[in-house]
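**Q** What follows is the residue order along each chain.
Protein chains: 2
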Amino acid sequence: MIVVHATFPIDPDERDRVIEHIEELEAKTRQEDGVIEYVASTDIDDPNVIRFTERYEDEQALGAHTQTDHFAEFERMLPDVLAGEPEVMRYDVENAEELEL
Amino acid sequence: MIVVHATFPIDPDERDRVIEHIEELEAKTRQEDGVIEYVASTDIDDPNVIRFTERYEDEQALGAHTQTDHFAEFERMLPDVLAGEPEVMRYDVENAEELEL
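Read top to bottom, the protein sequences are chains B and V. The numbers in the working numbering rise by one with no breaks, and the one at position 51 of the first sequence is 41. The numbers in the working numbering rise by one with no breaks, and the one at position 76 of the second sequence is 66.
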């Protein structure tokens, strides 16, 4: 399994447009083979920071995602809407476990 | 490194109180040894779903966090504010890498 955390600081004036775009991106990505989880959230301290939490079964699923039209479209939009440096981190997981609270 | 994803569906009437509590929880947790990242966000589709993205250097750091007063306080509050089942997943990471967009 591969976990990806992607964080995008967004220009407040572009936030609504970006959220709309991301809702489409989420819907299409969740149809892809090997995508376990693909959700976007906004930071509780700064609602203009958008955070993706993504999980993929394997390298192939992650690779296929980055080759999709909807991912390319999102990437093309970024230079016009970013308000800072994005960060995308990839974590190769050797063990996953649900924790009881 | 250990990544934790925790998701809490919150009663809309309790949302403001919970967010306030989480801001304190974040501030205190970020002071702890071995806590690399500890951020909370709200889902873009449902703002009453609160998502924690957490990273710990090791088992000891995660264990110490769960023994803190501020974590215990948050856990005590949950039964009164949840609107559904929480999910807490732990991922043991064998490799971490920043991805270029």
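Don't take each hint at face value.
Since the list gives no way to pick out one identical chain from another, each pair is judged satisfied if it fits inside one copy or across any two copies.
In silico EDC-like links for lysine to aspartate or glutamate, alpha-carbon gap of 20 angstroms or less [to be verified]:
id : residue 1 : residue 2
1  : Lys18     : Asp70
2  : Lys18     : Glu49
3  : Lys18     : Asp1
4  : Lys18     : Asp3
5  : Lys18     : Glu88
6  : Lys18     : Asp33
7  : Lys18     : Glu90
8  : Lys18     : Asp35
9  : Lys18     : Glu87
10 : Lys18     : Asp82
11 : Lys18     : Glu75
12 : Lys18     : Asp36
13 : Lys18     : Glu84
14 : Lys18     : Glu77
These aren't lab readings, by the way, just hints derived from the structure by calculation. Owing to the predicted nature of the structure, the values given are computational and were not obtained by experimental measurement.
**Q** With reference to the structure, classify each hint as holding or not holding.
**A** Hints, verified against the model:
1. Within a single copy, Lys18 and Asp70 get their C-alpha atoms no closer than 22 angstroms, and across copies no closer than 36 angstroms, so neither meets the 20 angstroms cut-off.
2. Only within a single protomer do Lys18 and Glu49 lie at most 20 angstroms apart by alpha-carbon distance; the minimum there is 19 angstroms, versus 36 angstroms between protomers.
3. Taking the shortest alpha-carbon separations for Lys18 and Asp1, neither the intra-copy value of 24 angstroms nor the inter-copy value of 29 angstroms comes in at or below 20 angstroms.
4. Proximity of Lys18 and Asp3 under a CA criterion of 20 angstroms is satisfied in neither setting, with 25 angstroms inside one chain copy and 32 angstroms between copies.
5. In the homo-oligomer, the alpha carbons of Lys18 and Glu88 never lie at most 20 angstroms apart, since the shortest distance is 27 angstroms inside one protomer and 24 angstroms across protomers.
6. When the C-alpha separation of Lys18 and Asp33 is checked against a cutoff of 20 angstroms, the pair qualifies only between copies, where the shortest distance is 17 angstroms, while the shortest distance within a copy is 23 angstroms.
7. When the C-alpha separation of Lys18 and Glu90 is checked against a cutoff of 20 angstroms, the pair qualifies neither within a copy, at 32 angstroms, nor between copies, at 22 angstroms.
8. When the C-alpha separation of Lys18 and Asp35 is checked against a cutoff of 20 angstroms, the pair qualifies only between copies, where the shortest distance is 15 angstroms, while the shortest distance within a copy is 28 angstroms.
9. With identical chains, the CA atoms of Lys18 and Glu87 are never at most 20 angstroms apart, being 27 angstroms at best within one copy and 25 angstroms at best between copies.
10. In this homomeric assembly, Lys18 and Asp82 never come within 20 angstroms of each other (Cα to Cα): the closest approach is 24 angstroms inside a single copy and 28 angstroms across copies.
11. For the identical chains of this complex, Lys18 and Glu75 are neighbours neither inside a copy (25 angstroms) nor across copies (26 angstroms), given an alpha-carbon limit of 20 angstroms.
12. When the C-alpha separation of Lys18 and Asp36 is checked against a cutoff of 20 angstroms, the pair qualifies only between copies, where the shortest distance is 18 angstroms, while the shortest distance within a copy is 26 angstroms.
13. In this assembly of identical chains, the alpha carbons of Lys18 and Glu84 never lie at most 20 angstroms apart, being 27 angstroms within a copy and 29 angstroms across copies at closest.
14. For the homomeric pair Lys18 and Glu77, neither the shortest alpha-carbon distance inside one copy (22 angstroms) nor that between copies (24 angstroms) is at most 20 angstroms.
In this structure, the earlier hints numbered 1, 3, 4, 5, 7, 9, 10, 11, 13, 14 are contradicted, and the remaining ones agree with it.
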